[in-house]
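4 protein chains.
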Amino acid sequence: MEPWRTAISSSDDEHIWIQGYDVTQLMASATFADVVFLLHKGRLPSEAERRLVDAMLIACADHGPGSPSAAAARTVATGNRVAPEAAIAAGVLAIGDAHGGAGLACLQLITDTMNDVRTTGATIAAAARRVVDDARAAHRRLPGIGHRTHSRDPRTEVVFDIARTGHVAGDGIAFMLELEKAVAEVIKPLPINVDGAIAAVLYDLGFPPPLGKLLFIVGRVAGLSAQVVEEYTRERAMRIKIPVTYDGPAPRELGTIKAGR
Amino acid sequence: MEPWRTAISSSDDEHIWIQGYDVTQLMASATFADVVFLLHKGRLPSEAERRLVDAMLIACADHGPGSPSAAAARTVATGNRVAPEAAIAAGVLAIGDAHGGAGLACLQLITDTMNDVRTTGATIAAAARRVVDDARAAHRRLPGIGHRTHSRDPRTEVVFDIARTGHVAGDGIAFMLELEKAVAEVIKPLPINVDGAIAAVLYDLGFPPPLGKLLFIVGRVAGLSAQVVEEYTRERAMRIKIPVTYDGPAPRELGTIKAGR
Amino acid sequence: MEPWRTAISSSDDEHIWIQGYDVTQLMASATFADVVFLLHKGRLPSEAERRLVDAMLIACADHGPGSPSAAAARTVATGNRVAPEAAIAAGVLAIGDAHGGAGLACLQLITDTMNDVRTTGATIAAAARRVVDDARAAHRRLPGIGHRTHSRDPRTEVVFDIARTGHVAGDGIAFMLELEKAVAEVIKPLPINVDGAIAAVLYDLGFPPPLGKLLFIVGRVAGLSAQVVEEYTRERAMRIKIPVTYDGPAPRELGTIKAGR
Amino acid sequence: MEPWRTAISSSDDEHIWIQGYDVTQLMASATFADVVFLLHKGRLPSEAERRLVDAMLIACADHGPGSPSAAAARTVATGNRVAPEAAIAAGVLAIGDAHGGAGLACLQLITDTMNDVRTTGATIAAAARRVVDDARAAHRRLPGIGHRTHSRDPRTEVVFDIARTGHVAGDGIAFMLELEKAVAEVIKPLPINVDGAIAAVLYDLGFPPPLGKLLFIVGRVAGLSAQVVEEYTRERAMRIKIPVTYDGPAPRELGTIKAGR
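Chains as they are written, first to last, in the numbering used here: chain A, 1 to 261; chain B, 262 to 522; chain C, 523 to 783; chain D, 784 to 1044.
Some hints could be false.
[What the hints assert, rightly or not] With a Cα cut of at most 30 Å, we get these calculated DSBU-like pairs of lysine-lysine: (1) A/LYS241 - D/LYS824; (2) A/LYS241 - C/LYS563; (3) D/LYS1024 - C/LYS710; (4) A/LYS41 - D/LYS971; (5) B/LYS502 - D/LYS824; (6) C/LYS710 - B/LYS502; (7) C/LYS763 - B/LYS302; (8) B/LYS449 - A/LYS241; (9) A/LYS41 - C/LYS763; (10) D/LYS1024 - C/LYS763; (11) B/LYS302 - D/LYS1024; (12) B/LYS449 - A/LYS188; (13) D/LYS971 - C/LYS763; (14) A/LYS241 - B/LYS502.
Just so you know, these hints were derived from the structure itself, not from any lab.
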């Protein structure tokens, strides 16, 4: 078998290097957010970039036991008390298109639109307007825009503030602001939500679309871990009783089918 | 890298063989239960053995959407509408020690006790009595024995009937019957439940302990598949709202912690 | 919380019913393939339908330890010797778009095209021709068509023979045959492969697109179970050594980053 | 259904609180390591505690594509290009007893032994000596002790230095040092490895045994994310070809088995 290639990390009998940095030096001097950035970008972050990674991971870390990822993790934990990795994995698997997927969809949208902008020479504002018109025509919701209850999402402001203060804000944030403006003109005023803010910043940090979901997963695993420990500590095995209504066929006779026929 | 070894299946550009049998011949003439047996035992089953595999897989196939495996699968499916494999995997992960684990524990108990019997020359009855005495002294529940509501488990009788009629019944069933007798003498009358019956038969079919859980998984995946399709078909994304009570710290000020400190 | 609805199975303290049939009666008289069909269709299969389910599950059951699903299961098993459910789940997760996904894509293609046929009144032959023309124009491969080495796939013939003999063959098989014909005219002669044959038959049995992947999973879990048992039985923990070539940055000094900054 | 209880986080339409702290304030001022600590301990860490969490997460973050967790994630990614959550989950599932399990086993050992110490009034040194004697008598390896190639593990020193400087070092570190001493006397000089160092510190931070594995998972998910992105970016689907040697039965005829019998 041909060797697998990697540019991420290497080791010999006495060292592990992550992107060339000795892991013991990173342990002594860096933060986990530094290493998350390093693993994906190949260089250490600036202070502002590091603060953005922290802010994004924290924004995703936990949303209570009732979110699909935590509910799946805790449900598995009630049946599986000895393999916490199984519960964490189940929680990760719930992070699909409907739960946690807006970040990926929004980062993909920004990436695709900015590629168009570079190709066509259109302005970001014009490109954003076309995205909104297309979505409206197709009755499609725009990822990263809108919030059930907020007229503004305070998490968006925290993320954008760090990005601006640290001179990280670029086309990603610019596009999302134009998108918000175009939505207000064409449809109605709707805020950039935290998924949209994270996608904008991930774009400005130079991350590819899968990070729109993967960063959410990295952050959320911390919350899943806490949820699973709480399940093990406070609850008994098999405690979850989902109420069920059956509306299928009534009991019936099996009739003529025979074993082995 | 050294090649991986397998004795299960092989293929060339024009064939797949499972344990030496051409897969097209198996497709034309065998049943899935034949192949489940073949994959794990290296030979095709007798008619009675095949009927036992079918009966065991059917016994495990589904127990409604509220069992932890189905609840986990459906919870993942509400967050992840495009990757049904994720929902199935989450359901499989709930099959741990507390859910679906009795079969594994019981098959391990039978295997260990029968090894002792062979070493010590004790009778199966004496060995079963000692198992019950030990469990009682340690306040441990015996796997495969007892049922919430039944004084007898009708599924046990179906499985044992096929085994006896087909001359497959051996030390596994003999041991479980002695165990039931000893429990009745030492504790109180309790029936062999379906997990105990399956473990007994798996032992008599010559399967190792992990099959006590794996056969449950093979059967249950069929039910999980149906549960996931029903979730996709009848329900909308993110529809599950788990009611949650929070009893942690009240809102509090963050105080002196500073970004990057 | 509102009860979850299901039309699949129900139970009381003394019974489990699958689609209204008592599970003990199914255990005594039915095969697993009968129950796989029943769980998804709400009725028991005819003899030919049951034989098709068996043939399809067998076709998917195992393809050796080197397929991504088995390789993932065995890799997890080398790190996790006590939770076989983790290894099975990892194997299931490899069944995505590139591995095992052709069945889903082909069943979706058949379903969409036949919906068009019903709407537009086009012939199946014309619809198949358009599908081929479109795929050719877009340089897209057609799912269910072509085989690395075969000019015909013998598994396709087994499946189609059972379908025809049992009078189950319908528009699904008819469409795939027209597709094969159109491919031969427009591109070059390429056979219907087993994924295409299964998709055709699933359509004719009335199954929705997700079954194109889920049936593959139900069958493959049997093979994964055998692969995991073989890994536990024949190999030691952590035995897999993937050869790796590192081509990232050379060792470098960490420089000015400071703990907590 | 009774509500699920949690003391971890809460939310209303306009806020998310983690342990009472508003998530936007945490995003603006805290690091991810602060929040990992907060989620599991219910309070914010001191500077030294936060640095220990960072150091431990970094120590676990990546060990190249050939470790079972990364190999499983990349194998799933070759078959599943559209659901990165599936690849991450598979990687998490490889973190069992043999891979990443030493931390859990060591934290359990420390917890159990220190409970004994408190009950019996034995010294930590005497307790450590008995642990070593027992392990030697049972030919059992001690978790957290020994390293393939090192006479000392530099990562251990980093972790212990931060703990000591920050006055976090307690009975966990004391016990591991006594264990190292007893091993040197009874068996041969062997260093405390990084798993043992992390277990010692987790004990001194007041974390329960499951964190021995869960903290490893939280850290490793960052590396798995980078490995999966690299797989998607640099490699093609289905690229992994595991070399396989088949040593099972030779091709044979199916004989008398008949469809449906």
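Each hint tested on the structure:
no.	hint	result
1	A/LYS241 - D/LYS824	holds, 28 Å
2	A/LYS241 - C/LYS563	holds, 27 Å
3	D/LYS1024 - C/LYS710	holds, 28 Å
4	A/LYS41 - D/LYS971	violated, 43 Å
5	B/LYS502 - D/LYS824	holds, 27 Å
6	C/LYS710 - B/LYS502	violated, 53 Å
7	C/LYS763 - B/LYS302	holds, 28 Å
8	B/LYS449 - A/LYS241	holds, 28 Å
9	A/LYS41 - C/LYS763	holds, 27 Å
10	D/LYS1024 - C/LYS763	holds, 14 Å
11	B/LYS302 - D/LYS1024	holds, 27 Å
12	B/LYS449 - A/LYS188	violated, 71 Å
13	D/LYS971 - C/LYS763	holds, 28 Å
14	A/LYS241 - B/LYS502	holds, 14 Å
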